[in-house]
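Just so you know, the UniProt record's numbering puts 23 at position 23 of the sequence shown, and the rest follows in order with no gaps.
There may be inaccurate statements among the hints.
In silico DSBU-like links for lysine-lysine, alpha-carbon gap of 35 Å or less [stated by the list, open to error]:
| # | residue 1 | residue 2 |
| --- | --- | --- |
| 1 | K106 | K178 |
| 2 | K171 | K71 |
| 3 | K178 | K132 |
| 4 | K132 | K71 |
| 5 | K178 | K71 |
Just so you know, the hints here were simulated from the structure itself, not pulled from any lab data.
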Amino acid sequence: MATARRAAASLLSTNICRACLRTQTIRPAARNITRLQQAQQHRAINPTFVPTRWHSAPAGGSRSYSFDEIKQYVESPSADRIIVDVREPAEYEAGYIPGAINIPVKSQPDAMFLPEEEFEDRFGFPKPETDKEMVFYCKAGVRSSAAAQLAQQQGYKNVAEYRGSWMDWQKQGGREAKPGQA
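All chains, full assembly: derive it from the sequences and hints.
Below, the structure written as structure tokens:
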């Protein structure tokens, strides 16, 4: 009997069947608890929703680069590879990986979908060609993953990410560039 009362009190605190408990005795409330428990067990056995665990991982089909690889690319730039900083302009202006261009994914998520002329008007440099390798980075790796997925949706085939991103670059002592520096 005490167990039924505790269960009924628990139901009251969770606002389940509050109106029912005011007019019924504890015994019918205990039946309601039993039905609720049975429904929960049924859902556990036969779930209608399977929980999904989201991982912060590279976009499907994109390659992940390490600090040493990015450092090598900065020291030996290639016309076939573009390093893209997807942080906001204020973050970019505070410091970026040398040679990186800024295409902010949060405030400009449609950037990769723009026609070439509009892209150049908006950003001040030509839209990257789809056959170039694009290596995305941000502050900690979250926005770069989103940008890589957007680029893939737009038809960029050679997409990569620097998962360590800006925080890793600074921690590892990578050279920092700022706008206006040669």
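Here's how the hints hold up against the structure:
1. With a CA separation close to 21 Å, the supplied pair K106 and K178 stays within the 35 Å bound.
2. For the given pair, K171 sits about 13 Å from K71 by alpha-carbon distance, which is consistent with the 35 Å threshold.
3. Simply put, K178 and K132 have alpha-carbon atoms about 24 Å apart, close enough for the 35 Å limit, and the pair holds.
4. Proposed proximity of K132 and K71 is supported: the alpha carbons are some 19 Å apart, at most 35 Å.
5. Among the hinted pairs, K178 with K71 is consistent with the structure: their alpha-carbon atoms are about 17 Å apart, no more than 35 Å.
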